[in-house]
Amino acid sequence: MATIGVRKKRRGLSLSRREAMWAYILISPWLIGFVWLTAGPMITSAVFTFAEYDLLNPLRLIGLQNWRYMFTQDPLFWHSLRVTLTFSVVALPAGLVLGLALALLLNAKVPGLTIWRTVYYMPSVVAGVAVAVLWNQVFNPRFGIINWMLSWFGIRGPGWLQSPDWALPALIIMSLWGVGGGMIIYLAGLQSIPTTLYEAATIDGATMWQRFTHITLPLITPVIFYNLVIGIIGTFQYFTNAFVMTNGGPANATLFYNLYLYNNTFRYQRLGYGSALAWLLLFMVLIMTGLVFRSSSAWVYYEGELRK
Amino acid sequence: MSALTSRMQSIRLQRLTGQILALILLTVGAIVVMIPLVWMVSTSLKSRSTSTEFPPKWIPMDAAKAEIDGRDYFIYRIPVNGEMRDLALLRKLGPQGTFVNPENPDEQYQLEVQTGERLYTVNLHWENYPNAMTEVPFGTYIKNSLTFVGVSTVGVLLSCTLVAYGFARFRARGLGVLFLILLSTIMLPSQVTLIPQFVLFRKLGWYDTLLPLLVPAFFANAWDVFLLRQFFMSIPLEMDEAARIDGCGPLGNLWHIILPQSFPALTTVAIFHSLWAWNEFFLPLIYLQTRERFTVSIGLQQFNSLYGRNLPGLMAASAVTLLPTVIIFFLAQRLFIQGVVISGIKG
Chain A
2 MATIGVRKKR RGLSLSRREA MWAYILISPW LIGFVWLTAG PMITSAVFTF
52 AEYDLLNPLR LIGLQNWRYM FTQDPLFWHS LRVTLTFSVV ALPAGLVLGL
102 ALALLLNAKV PGLTIWRTVY YMPSVVAGVA VAVLWNQVFN PRFGIINWML
152 SWFGIRGPGW LQSPDWALPA LIIMSLWGVG GGMIIYLAGL QSIPTTLYEA
202 ATIDGATMWQ RFTHITLPLI TPVIFYNLVI GIIGTFQYFT NAFVMTNGGP
252 ANATLFYNLY LYNNTFRYQR LGYGSALAWL LLFMVLIMTG LVFRSSSAWV
302 YYEGELRK
Chain B
719 MSALTSRMQS IRLQRLTGQI LALILLTVGA IVVMIPLVWM VSTSLKSRST
769 STEFPPKWIP MDAAKAEIDG RDYFIYRIPV NGEMRDLALL RKLGPQGTFV
819 NPENPDEQYQ LEVQTGERLY TVNLHWENYP NAMTEVPFGT YIKNSLTFVG
869 VSTVGVLLSC TLVAYGFARF RARGLGVLFL ILLSTIMLPS QVTLIPQFVL
919 FRKLGWYDTL LPLLVPAFFA NAWDVFLLRQ FFMSIPLEMD EAARIDGCGP
969 LGNLWHIILP QSFPALTTVA IFHSLWAWNE FFLPLIYLQT RERFTVSIGL
1019 QQFNSLYGRN LPGLMAASAV TLLPTVIIFF LAQRLFIQGV VISGIKG
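Protein chains in written order, with this note's numbering: chain A, 2 to 309; chain B, 719 to 1065.
Extracted from the complex, chain A is given alone in its bound form:
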């Protein structure tokens, strides 16, 4: 028996090589997928950015023309960038403040925590076309409930999604409906702050505001930071609502970057130009998260980290 075991071992692989073999077998689904669905397409789309391609005619390399057109001749490109940035500059801070405020309220040991959490969190879970279809009617200028609520205060509501001035603000208001997702994360952050800190501060006579600015806020900055990064990436992917509710209009007022990318690629069949827009999107996401990360040492506080 023993000899068989030895012979088997000698013929087979050594233990560490056997382990390595298993490792690669196990991760092979991802590895194949990575080559086939990520790395390969990335290289291809990088080539596409220098080409003209419409699925019907053979691909034609045109050098930097796509990029030159994007930066110097395409007003809609700049416009879609402006729309997307306006949305993030308003919606992200507003969502941050509101989500944090809700989390603070829930953290104040109110009765029925789970019920409140459910109510506020649910809208951020239900998502997609159904929500867009619903809000499309909520904003209806004639019978929508937003204008109905405004009428309680004697305000005649605007045309919202049908008005070039109010369509983007409408989508920003709608985004606040999903503020519960951030709230959950902030709440977890708040609950991890040791209560002894607050007790000590209270005994020392710190006011509520002082406790917030000196204990809560610094300790929660990593979470805010995380949400900010996710939020920035998210707005560059913003698509469904803009497509279903306004389709970029009226007068391109809600032409989000991702929608413009979709229009170029799948509506006008400009796959080369669409690829260039996609690559620029990648660069922008990298730069912005890079900026947030680099600025983080100035305002994000990590416990256990020594400040210089």
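Source of the hints: derived by calculation from the structure; they are not laboratory data. Do not rely on the hints blindly, as some may be mistaken.
What the hints assert, rightly or not - Going by beta-carbon spacing under 8 Å, a handful of chain A positions derived as facing chain B: (1) L62; (2) V120; (3) V130; (4) P165.
What the hints assert, rightly or not - Examples of chain A residues toward chain B, derived with CB under 10 Å: (5) S29; (6) T87; (7) S89; (8) A95; (9) L99; (10) I116; (11) F144; (12) A189; (13) I234; (14) L278; (15) T290.
What the hints assert, rightly or not - Listing some non-contacts, in silico: residues in chain B with all C-beta distances to chain A over 10 Å: (16) K810; (17) I860; (18) L864; (19) F888; (20) Q948; (21) L984; (22) V1044; (23) F1048.
Ideal Cβ positions, reconstructed from N, Cα and C, are used throughout, including at glycine.
On the provided structure of chain A, position chain B as indicated by the hints.
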């Protein structure tokens, strides 16, 4: 001592007023948050004509009508000689109207219409739901969506479990670098790979089939691999060793040791992925062309653009689309909250 107790008392009082204030704010906020969903359900049960009334009624009601000589007339609650009566409005001439007792059509009155009020009765139009479901082939959409959800969730669970197990429990040259590459793909916007994938899947003849939505799921994704790996790593290594001594190979170890302990993580992945697939709009939009292949999300979008005037039907279809999400949310809320906190929000 007394100074300290009074100080503690004032703190307690402060805390109490704070709680009351918090409760008031939370209640107001909760009402605002819930209004759209309540309005959706309420509108889905209204008749088409009352659905666009302003101001809206929360309880679906139709104007009460009475049939007199084969024709319908609105019923008004109107004072007649100081007594409130429910009468049908037969004719209107300027401010005056001819009212008649529905039970006894010969009993007629000339009254000022403005003094009365149109009568409404609660009427829930449940038929809006089956109507909306048949106006477009919604059953087919649901079937397609369930295929998408079911098959791709199985694919994700299978592939991500294997890959996560490989990264969590094995050592090999290059594995660390590969894991970093995997992590970095989380940051990669899908648009960068989308267009060549589209061209490729078209060439493979997968355009207008569910295959572009199903097949990639079997090749693992960074988020779920990461989540599962973290979980697998929290399972003590001693158990693996015990299993190995008992003669378990790598797959046996995965099956007998790792998986039985990983149900929370696997459920989290399954639920998050199912919800994502059910709600996913972009991929079905670019890949599916024929109505019979539509998923619920694009079916609903098409309903919205074609039958947008049928507001109750539209809201009924939306409610049906949202219902599975809401049910899963209530069943698995704890997992949700943990999942979000652990991994951030997927998709």
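Structure-based check of each hint:
Restraint check, A/L62 versus chain B: the minimum CB separation of about 16 Å is more than 8 Å; hint violated. Satisfaction of the interface hint for A/V120 is found here, the shortest Cβ-Cβ separation to chain B being roughly 5 Å, below the 8 Å cut-off. Using the Cβ-Cβ criterion of 8 Å, the hint placing A/V130 at the interface with chain B is satisfied: the shortest such distance is roughly 5 Å. Because the smallest distance between the Cβ of A/P165 and any Cβ of chain B comes to about 20 Å, over 8 Å, the interface hint for this residue is violated.
Because the smallest distance between the Cβ of A/S29 and any Cβ of chain B comes to about 8 Å, under 10 Å, the interface hint for this residue holds. With 10 Å as the threshold, the beta carbon of A/T87 stays out of range of chain B, its nearest partner Cβ sitting at about 20 Å, so the hint is violated. The beta carbon of A/S89 comes no nearer than 15 Å to any beta carbon in chain B, farther than 10 Å, and the hint placing it at the interface is violated. Evaluation of the A/A95 hint against chain B yields a violated restraint, the C-beta minimum of about 14 Å exceeding 10 Å.
Hint on A/L99 holds. Least Cβ distance to chain B is approximately 9 Å, under the 10 Å limit. Taking 10 Å as the C-beta cut-off, the interface hint given for A/I116 holds, the closest approach to chain B being about 9 Å. This hint holds: A/F144 has a C-beta 5 Å from the nearest C-beta of chain B, less than the 10 Å allowed. Taken as an interface hint, A/A189 checks out: its beta carbon lies about 4 Å from the nearest beta carbon of chain B, inside 10 Å.
At its closest, the beta carbon of A/I234 sits 7 Å from a beta carbon of chain B; the interface hint therefore holds under the 10 Å criterion. Evaluation of the A/L278 hint against chain B yields a held restraint, the C-beta minimum of about 8 Å falling below 10 Å. Evaluation of the A/T290 hint against chain B yields a held restraint, the C-beta minimum of about 7 Å falling below 10 Å. Non-interface status of B/K810 relative to chain A is upheld: no Cβ of that chain comes within 10 Å, the nearest being about 25 Å off.
Every CB of chain A is more than 10 Å from the CB of B/I860 (nearest about 13 Å), matching its label as outside the interface. No beta-carbon of chain A comes within 10 Å of the beta-carbon of B/L864; the shortest separation is about 15 Å. At roughly 4 Å, the least C-beta separation between B/F888 and chain A is not larger than 10 Å, which violates its mark as non-interface. Distance check on B/Q948: its Cβ is at least 16 Å (rounded) from any Cβ of chain A, clearing the 10 Å threshold; non-interface status holds.
With a cut of 10 Å on Cβ distances, B/L984 stays outside the contact zone with chain A, its closest approach being about 16 Å. Not every beta carbon of chain A lies more than 10 Å from that of B/V1044, the smallest distance being close to 6 Å; the non-interface claim is violated. Residue-level check failed: B/F1048 sits 8 Å from the nearest beta carbon of chain A, not beyond 10 Å.
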